[in-house]
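S.K.: Below are the chains, spelled out letter by letter.
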Amino acid sequence: MSKPASRCHLEPNCNLDRAIAEKRVIICVGPGGVGKTTISAVIALHAAMQGRRVLVCTVDPAKRLANSLGVSELGDEASEIALEEFAALGEQPKGSLSAMMLDMKHAFDRLVRDHAPDAKTRAEILDNRFYKYFSTSLAGTQEYSAMERLYELYETTDYELIVLDTPPTVHALDFLDAPNRLFEAIDSSAFDWLAKKSRIRVGLGIIKLGTGYVLKVLAKLTGADFLREFSAFIQSFSGMWEGFKRRAVRTKEILSGDDVAFFVISGADSVALEEARYLNERLIEEKIGVGGFVINRVHQSFVPQPVLCADPAELVGRLQAMGFVGDELGDMLALAQRLQTNAREFHVLANRDQAQLARLSRSVAPGTPIHKVPFFSTDIHSLVGLNRIRSELFGLSEELAPAQRIPGRL
Amino acid sequence: MATLAPSADERIDPANSVQKLYGQKKSASEETQLITRSTRRFRSRSGSRFVTIPETTPKLPHEHRFVIVAGKGGVGKSTISMALALAAAKAGRKTLLYQFGTQDSKTKTPFSEATVGEDIVEIRENLFAVRPSTESGMREYVLLKLKSKNAYRLVFENSFIKKLIDGIPGVNELIWLGKAFNHEREREHDGSPTWDTIVLDPPATGHSLYLFQVPFVIREAVQSGPFHREAVEMIELLTDPERTALHLVTLPEEMPVNECIQLKADVDARMGIPIKSLVVNGVFSDLFSESEVHALNTLRPQLEEDGGIIDRLVAAGLFRIERNKLQRSYITKLHNELGLPVIEMPQYFVPELDKEVLADMASRFLELPAAQSRETA
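Protein sequences appear in the order of chains A and B. Count along the first sequence starting at 1, add 126, and that's the number in this note's numbering. Count along the second sequence starting at 1, add 1297, and that's the number in this note's numbering.
Think of the hints as simulated: they come from the structure by calculation, not from any bench. Not one of these hints is a red herring.
Ranges between beta-carbon positions, derived for each pair:
{"no.": "1", "chain 1": "B", "residue 1": "ALA1566", "chain 2": "A", "residue 2": "ARG239", "range": "24 to 30 Å"}
{"no.": "2", "chain 1": "B", "residue 1": "PRO1643", "chain 2": "A", "residue 2": "ARG239", "range": "47 to 53 Å"}
{"no.": "3", "chain 1": "A", "residue 1": "SER198", "chain 2": "B", "residue 2": "LEU1451", "range": "57 to 63 Å"}
{"no.": "4", "chain 1": "A", "residue 1": "GLU278", "chain 2": "B", "residue 2": "LEU1443", "range": "43 to 49 Å"}
{"no.": "5", "chain 1": "B", "residue 1": "GLU1410", "chain 2": "A", "residue 2": "ASP457", "range": "47 to 53 Å"}
{"no.": "6", "chain 1": "B", "residue 1": "ASN1447", "chain 2": "A", "residue 2": "LYS413", "range": "40 to 46 Å"}
No residue lacks a Cβ here, since even glycine has one placed at the ideal position from N, Cα and C.
Isolated chain B, as found in the complex (with noise of 0.2 Å):
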């Protein structure tokens, strides 16, 4: 168990290691917060006893065991999902990509030519993915369950119960949280974890974490009965920072950075899955010093609508200036409002996403503390 025993370092004082990392200033409620839950106690590797371990030992975005990405459609979240689940791989961790498909759908990914769809398939070393079907996911949660394959024929196949079932709003997308929650407990025979990380990809619809509320739901609605453990087992790993990490994506624009900021209230306030980092997408690299941008400012009363080619390489030049400045301000809005760590990652100059852009962004990942600590000193 020599790998989960604290080090003397980090016992000291936990709060501060964690300022180190991110470079964030907490409050003294939080530190006390930080210091009591250091000494949960969590169940060991081998499921056999318990060791305590402090909750805040530093953990990239992608060391935690089930990893959510949430964020509105349009701001890279899939994307940003596959870059940590390739982070998380490179370090050596079995990763599953959980993506979540609507019917039928199957994708690949820039890393093979692999189909991902309903069964497991790996995509690269250490790198697996699935994109559960509804149909497939209720039969393996509902075989789970019942152990009776006539049961399940009988009943889930019965087109009155489908009918019903299928018109029940949020069905799909609650099967498939399910699901995630079954792979995160899966064990192999010596009793350790099947998945050290499972990066979840869930549906942008609204909210996308409207979904992850099911859980807390039932566990009010119903006060006893297999729901009601299971919901509450699944609360315990949504709220557990030891093992679950939420991280949010967004873009430096006005309505993306408004909605980010609303999200994370709403976590905050319904759910308390702990939210670890928000990942800022496409940001342009400053790429004029102070004076350049100065001195082509004051060109910019001579540009021509027509003019000739340097007008033209002036006006770019500006509109990548306006756009930097528009983000760099989002990006101080997300600062100052979230007290999140946020990571950049680069708008990438590319015709596709390809596997070196998402290689790029897993660096990023596995960087982080260097990046982190560069920005604090």
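Same shape as in the complex, but just chain A (with noise of 0.2 Å):
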């Protein structure tokens, strides 16, 4: 298993390109609705394209990604990509991609099945109705059920790069929060007499007096009932709290090691790049390497200012030098000015996004990578289409290609 020199740890230029090199983890983050699935899958191949024998870990339910990576389905073990295709377009892939679907579902589950003293205790946790809610439906339960798996991929296998796609979260850090905060209340002492509860009943006197007080309230805010069903479920849980924190001590040790780099996916919206940005001094404060940012979906103006202010009637000599052959010449001019009122709306919207990027190059540290894909016309549903992205992202990083391309063909 090779462990690469960690070179770029915390320094602010490790851009995609080094960190596919150098790094065993990559794990793109971001908030929801911006591509990261498929951002993630495109490092993923580039890497192996590169030669590198990768792993993708992705959250996205839907078969649209296996699809476009030319499989029918992925499932909670890897399966391989076959690549060939990338032979008949005329570059021979040098590594291996994988790809597998992380069951969030079942997640803690497994987590539960792992760690439970006895059958007993495991059928009585997975049956609890808490435990159904909490597992499945609750913040930061997805965060933590990916980082589980994480720990488990990183220990456990030897793919020389994982890239871990991340379920968007609203509270920017709550992979790393969620199991922080539960582990924190876990040790707390408050816990401690919650989970013991159970075996007595409440105001039998053997707690504490303080504690008794503390219940009485409890009880009255939610009813007896509730506190002792809460409490017979935080109670089948005691015996599996060491393996938990075990568990989530490592991972955190593997987040904050110098082979992992942190991606920030965003759009180039203000809503999303400024979580992108509170999401990029969270990590820096928890001392994470980020390698920087990539900006999917940036719209591109296809045409110069100018143009978009000329004369629609010179614009007519010239569609109809293209052969373009209408009606009338009210039609053609119509026509010019519809397609000078459509460039003008690009325009809007790239002038836009351009003001957003330059706000975030702003604000983080000079020479922060800014990666940038643009917005395209059709959506992505084939291993091409994954490279075209491919070749915007690690092509072009540094500036936006100039608009001349034909639109839009993935």
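Grab the two chains, each in its own frame, and use the hints to assemble them into the complex.
M.R.: So, in structure tokens, the structure goes:
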């Protein structure tokens, strides 16, 4: 297993190219709906083409990514992706790519199965109503599950590079915070008595004086029934905390290790970027290496400003020169104007995105790589599509390609 | 109570009136359901007597009391909730925009310079906003229930308990939800509700609606006590089609569309919160006529990578045409699979979200019946 040197840990200049060559884990984080899954796949694909043995773990349950990777379905086990297609495109893949879908729903279940002291406890927990809700639905549990899986893959597999796509977060760093908060709570004395309480009845007086009062107040608020159910739930977990804790500590170590790089994936809109900036700051605070940003779906301006104000009549002449035959001159003029309107509208979006990106680069450490991927007119459904993004991401990472390109064919 | 009495029209065929309003074909079983529900009794505003009103009184998205805006992150959920709140305020309803804030996050809205934080502020005529923090929400809730500041201080400000509560996943969200319910229950001296409309903009974590499952879980897990009663009341509100309306928000793109379809299935199966409409954000307007689309497409093979001005203009046009076509196919899919009234919001070509954009969006909610019946015709 190769553990590459950690030259760019915490340096702001660890761009994607270096991360792909040097790191063992790349974690893609960012707000929802920005294309994290796709970007993760592209990063993994590029690393594989460059010669590394790569595993990409996605959390996207849709089959789309599977389809674009050329397999019918991705499961909880890694499956190898055929890259022969690239040979046909004139590029011989130097490494290999495997992909898997993280089963978030059952990640917690697996944890329980691994750590439950006996079958009875295991069944009790898995059947508990609170548990069912906690383990699948609450903020933080998905993030926690993703980190759990990363731990497993890191410790037990020998991929040279693991690219991890993470669930969208609302509290930017829930995937780090949730385990921490959970374990702080477990460590607290309050938890302790709540865990023990189910063995005794509320108000029986075995518990210390202060605690009795606390329980009384809590019971008044929630009802004794609720408190009993809830502490039974915590009680059933109590045999497993040690195992949980050990893993949480180890996971945190892995994340702050210097063979891990985080990339913040975002859209170019202000809401997403604000979250991305916050995420970046928090990662730096936690002393976790941020490689840089990937900004997806950046609008392009197709034409330079003066053309937007050009005389449409002149454009009609050029349309005709292209062999465009309109029924009437009036129609042609209207079309020329509409083409201008359209280009002007894209120009507004492109300017908006540029302004946002400029704000971003002002607000991060100088030299922080900001990679850009343009907004395409079609969706990605194939390896070729992923490859198109790849060439944008790794070929032209500093400046957006001037928009002479024929639009959007992936 | 004149305003609550059903008009002659509405009484004739409530199912049909829905169809008229939203242009949806209802199945036979849905019709039966609507008719049965239409005789449900609701407490009148004064709270003193019951009146019978038809459930199908056509209501616009902002005309319910408890309006929930849901969707994945990045689809413009917060924008839509602001637009809905504005629509309600413009219609003369006293409206509360209820946002989710993380610890000490404050924000401004395009409406005014007022900072929205944990205290309710007026941001426009009839329109108020709040972004409760966990701590204030918790204190408010506990004091309301316990009526003892001492107990709150001793128990909830105790560092052990604090840690415990912080460690329970989702507790922030739960407190946020509980406070929203309290606002719904707020009454003036004369017994009328303090808020005509409360627009909830829930956190966009995973499916934001998992949060609304909490009362259902509690109701099942505990059979009695204050939490049980609270949960039952919450569920009554959440599933009451007269007071509560859920609006899904999505983008006309592959992933958001699929997730939206999944979200609706989840809500229907697990919660039964009445979903009243689907808002599709960022729809590119059709700029080119059919013949123009055809003509531009025939130019495609001639376009050159480094072409001149006209090549680029045509390329931009073709880009728009392709996106439009893709968006249309997703909107059609949503129509076919969800059977919900679809409200399209255009892509706005502006440097940033401003008052004008929100006003335009709000007007689309306010003019909905006209637009929808045009579509039906």
